[in-house]
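Novice: Given only the sequences and the hints, what does the whole structure look like? Please build it.
Each protein sequence line maps, in turn, to chains A and B.
The working numbering applies: residue 1 is where the first sequence begins, and numbers increase by one.
The working numbering applies: residue 1 is where the second sequence begins, and numbers increase by one.
Each hint should be verified, as a subset may be incorrect.
Selected chain B positions facing chain A (in silico; Cβ < 8 Å) [unchecked claim]:
(1) Ser45
(2) Leu170
(3) Pro271
Far from chain B by the CB rule (all over 10 Å, computed), these chain A residues [said to hold, decoys possible]:
(4) Pro30
(5) Asn130
(6) Lys153
(7) Phe291
(8) Val358
(9) Leu370
(10) Asp401
(11) Glu524
Honestly, the hints are just simulated from the structure, not real lab data.
Every residue, glycine too, gets a C-beta built ideally from N, C-alpha and C.
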Amino acid sequence: MRGPISKSLLFIVLLLTTQISIAAQVWQKPSGNYKFDCGRPGGSLILYATSDPKSFNPIVAKETSTTQITSYLFEGLTRVDPRTLKVIPNLAKSWQNQDGRRWIFHLRKDVYWSDGHKFTAGDVTFTFNNIIYNPKIPTGTRDIFTIEGKKIKIKAVDDYTVEFILPSVFSPFLRALSQDILPRHKYLSLVSKDKFTFSMGLDSKPEDIVGTGPFRLKKYLAGERVVLERNPYYWKKDACGNNFPYLDEIIFIILPNPETALLKFLEGELDYYSLRPQDLAILGPRKNKDFTIYNAGIAFGSNFLVFNENPAINPRTKKHYVEPYKLRWFRDKRFRKAVSFAVNRRKIIEIVMNGLGVPQYSPLSPANTLFYSDNVIKYLYDPAKAKDILYSLGFRDADSDGVLEDKHGNKLEINLFTNANSPERITIAVLIKEDLGSLGFKVNFMPLDFNNLVTKLTATFDWEAVIIGLTGGIEPYFGKNVWSYKGDLHAWNPTKKALDDYELKIDDIFNKSAKTLDMAKRKELFNEWQYIVSDNLPFIYTVQGYSIYAVRNRFGNLFPTVYGGAFSEIERVYVLDKAKK
Amino acid sequence: MIIYALKRLGYSIPLLLGVTFMTFLFIHIAPGDFLSELKSNPQVSRQAIKLYEEKFHLNEPLLNQYLIWLKNILKGDLGYSFSYKAEVKNVIASRAKNTIILSLSAIVFTWIFVIPLGIIASLHKNKFIDRFISLFSYLGISSPSFLLAMVFLYFAYISGLLPLGGMRSLRFYELSALGKILDIAKHLVIPTIALSFASIASLQRIMRANMLEVLGSAYILAAKARGISNTRILYVHALKNALNPMITIFGYQFSSLLSGAALTEIIVGWPGLGQVALEAVRKQDLYLVMGSVIISGVLLIAGNLIADILLAFSDPRIRY
Numbered sequence: 001m002r003g004p005i006s007k008s009l010l011f012i013v014l015l016l017t018t019q020i021s022i023a024a025q026v027w028q029k030p031s032g033n034y035k036f037d038c039g040r041p042g043g044s045l046i047l048y049a050t051s052d053p054k055s056f057n058p059i060v061a062k063e064t065s066t067t068q069i070t071s072y073l074f075e076g077l078t079r080v081d082p083r084t085l086k087v088i089p090n091l092a093k094s095w096q097n098q099d100g101r102r103w104i105f106h107l108r109k110d111v112y113w114s115d116g117h118k119f120t121a122g123d124v125t126f127t128f129n130n131i132i133y134n135p136k137i138p139t140g141t142r143d144i145f146t147i148e149g150k151k152i153k154i155k156a157v158d159d160y161t162v163e164f165i166l167p168s169v170f171s172p173f174l175r176a177l178s179q180d181i182l183p184r185h186k187y188l189s190l191v192s193k194d195k196f197t198f199s200m201g202l203d204s205k206p207e208d209i210v211g212t213g214p215f216r217l218k219k220y221l222a223g224e225r226v227v228l229e230r231n232p233y234y235w236k237k238d239a240c241g242n243n244f245p246y247l248d249e250i251i252f253i254i255l256p257n258p259e260t261a262l263l264k265f266l267e268g269e270l271d272y273y274s275l276r277p278q279d280l281a282i283l284g285p286r287k288n289k290d291f292t293i294y295n296a297g298i299a300f301g302s303n304f305l306v307f308n309e310n311p312a313i314n315p316r317t318k319k320h321y322v323e324p325y326k327l328r329w330f331r332d333k334r335f336r337k338a339v340s341f342a343v344n345r346r347k348i349i350e351i352v353m354n355g356l357g358v359p360q361y362s363p364l365s366p367a368n369t370l371f372y373s374d375n376v377i378k379y380l381y382d383p384a385k386a387k388d389i390l391y392s393l394g395f396r397d398a399d400s401d402g403v404l405e406d407k408h409g410n411k412l413e414i415n416l417f418t419n420a421n422s423p424e425r426i427t428i429a430v431l432i433k434e435d436l437g438s439l440g441f442k443v444n445f446m447p448l449d450f451n452n453l454v455t456k457l458t459a460t461f462d463w464e465a466v467i468i469g470l471t472g473g474i475e476p477y478f479g480k481n482v483w484s485y486k487g488d489l490h491a492w493n494p495t496k497k498a499l500d501d502y503e504l505k506i507d508d509i510f511n512k513s514a515k516t517l518d519m520a521k522r523k524e525l526f527n528e529w530q531y532i533v534s535d536n537l538p539f540i541y542t543v544q545g546y547s548i549y550a551v552r553n554r555f556g557n558l559f560p561t562v563y564g565g566a567f568s569e570i571e572r573v574y575v576l577d578k579a580k581k
Numbered sequence: 001m002i003i004y005a006l007k008r009l010g011y012s013i014p015l016l017l018g019v020t021f022m023t024f025l026f027i028h029i030a031p032g033d034f035l036s037e038l039k040s041n042p043q044v045s046r047q048a049i050k051l052y053e054e055k056f057h058l059n060e061p062l063l064n065q066y067l068i069w070l071k072n073i074l075k076g077d078l079g080y081s082f083s084y085k086a087e088v089k090n091v092i093a094s095r096a097k098n099t100i101i102l103s104l105s106a107i108v109f110t111w112i113f114v115i116p117l118g119i120i121a122s123l124h125k126n127k128f129i130d131r132f133i134s135l136f137s138y139l140g141i142s143s144p145s146f147l148l149a150m151v152f153l154y155f156a157y158i159s160g161l162l163p164l165g166g167m168r169s170l171r172f173y174e175l176s177a178l179g180k181i182l183d184i185a186k187h188l189v190i191p192t193i194a195l196s197f198a199s200i201a202s203l204q205r206i207m208r209a210n211m212l213e214v215l216g217s218a219y220i221l222a223a224k225a226r227g228i229s230n231t232r233i234l235y236v237h238a239l240k241n242a243l244n245p246m247i248t249i250f251g252y253q254f255s256s257l258l259s260g261a262a263l264t265e266i267i268v269g270w271p272g273l274g275q276v277a278l279e280a281v282r283k284q285d286l287y288l289v290m291g292s293v294i295i296s297g298v299l300l301i302a303g304n305l306i307a308d309i310l311l312a313f314s315d316p317r318i319r320y
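Specialist: As structure tokens, this is what we get:
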């Protein structure tokens, strides 16, 4: 049954994604010359969101639907420069540190909250001591600021100086400090009444959502739109001495269906559209465009194939999580290499991404210009080589039924899962199934509900092979939960015991990286990690696409980046004079 | 009659208990829970997940959770939505009104067409007009509403006559009261037609069959023999009886007031409950699912009750 279904699926995909040969001309790379003009105030920017925010609480709610709104409302002591990806000052104008443990931050004195109150050191200590470290508030943020099980000691030295004493040297610290800061005067009483977790919800009055960001909440209509307005107290000024931001309003229209968003963009109602690969065929060839398509570069994030190497016995069923004979295949690095050689990544790029992608071999995306290393083992498509490796491992098709058997006569049959809500991953899975099928694998592919898949990966461990992805950030250390064998998301081996020496080595690298402040040395460590992963293939990476945005030609100071999106420095974006409505 | 209605309401209590418990059970049996997404986030520790479990009472035994929920329901408290971190009552209330506007509009639009089309088709049985209406029926029954919505949106884009989805235009709050009504009406056109198309198509077939059955019955022949005018036979004697089964169907439609439009809502970006309920089921946002289930259940029971009462008025054979 499964065979024909996946075949027809592939056929449909092929029909829908006709190759675009003109692709190179329809988009442009964002200008490399980052010169910002002094803009003019006024006008609005109309964006869309695929679902409602879940809350306006930046500590408790972390879904993209929420953070894409809250990132305009709140700011941290530091921020990430969207072009260089380096950490730069923000609410803190400078800092000192001698031994990597004691940090002194000097706050800006010209910052006001969006309700007109002054921003001081008390707000910083409140955010950390009363909210993030508050055991009654459930938040993943606490884990980022918990170093080897200990808290950071945070103290206000005076109104504009904050002291952080770390339990030990922690090099990702400055980057973590882009953490949003919340106003003490507004939320202290909610925190002390233990009501903070359920506060700042969607039914809040706009004046109850207070941040230091360039915009503040104006109106929220459930299921329809979120309207943000200029924060009149915003502290940043342009080179000509005018106040940022320039835009009066940002409107997010909530459109769950991307086709409807595309129509609305074409009609002119939306100023922005984030392109899926198939949209380029529609938007690219249009004549007299009043919009520009930007290709900001390779995106963050990844899709990879992982085999279950868990040797443990299920305490409930008293059986192995993975059949011992299959475990022997999966645990063999040469077997995983054969699979990697068998994956035709070019074909995946043509079919899934319309030719707009690159093969991936490192756990990091090339978008991560600070840490990405090209010095990894690359598995160029080579089915003959894959076949040779399988042959040398003893796989033969003894009964000539088209499916290989191992030395002991077990058929090379694998169950492959991925999450059903990602059409991209389903197509990748179908293509990999075909690639492996032509080598003599029998792959049973089944898309599963996302929650079901996560339960299998993290709790019940009843899976053999999975295609899944991780959203990537800049700091590799924050992936420690995945890469350290002690981590909770060490998917291929959840036993918390290292099965291979390379797992010990990776754990060591991650620990060292947190203690090393020197950027060049950290980069070396993570280069080694990337090489080890590409050599041992606990994850067999597939392909990475580009970030492509279409933006109407009415805005100045537009420098789309992969990290910051189409409107990287939102406070600088302004409506061009002739385009004013 | 009042005693009958009260009895019916009494019977509906075990029904609601059954429906809600089954829903509760199924959400628990389904693999994973609301926290699965958090569990897949590398930056969230097991301790943080535990704290969430405690806050949401996800670590208690199933029956306890259900009983706590039931106790709160009786106090009028539908619980908290995990993902919105707000009271289910408020999440549903913010959306339900919009869905009801759309569903009512679709129901009215449907019935405006169903009865006349059914009568016309039955009076011109097997003639061109009947065949034409049949053709339209087959088309309507076989095209899903979300597909129609997409097609209509595309036509709206080409013609520029109607808004492309949503419920209110951006300038809504600057409009006069009349302007506001017209604005919503304009946005209603596409989803209303898309939602009604299939039900008009199938219900007018039922209406046609009812009419044909009644017109062929002995008492109509008797009426004709007595020399009663055709118009009178048709609109007074035949129609009233042909309508009886339709009243029951009308009652059933009430149950779909809040849940029948989900896919269409998503396509046209209508800010209704369907979207929220669907996402809640997918993410296993337990109490939000329970909230929408109990409201749909109540509407189903109320719809059936209304239909039965209406039937008693229209059909003298039925007495409670």
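Novice: Compare the structure with each hint and give your call.
Specialist: Hint check:
no., hint, verdict
1, Ser45, "4 Å, holds"
2, Leu170, "7 Å, holds"
3, Pro271, "2 Å, holds"
4, Pro30, "28 Å, holds"
5, Asn130, "16 Å, holds"
6, Lys153, "20 Å, holds"
7, Phe291, "16 Å, holds"
8, Val358, "23 Å, holds"
9, Leu370, "18 Å, holds"
10, Asp401, "33 Å, holds"
11, Glu524, "23 Å, holds"
No hint from the list above goes unmet by this structure.
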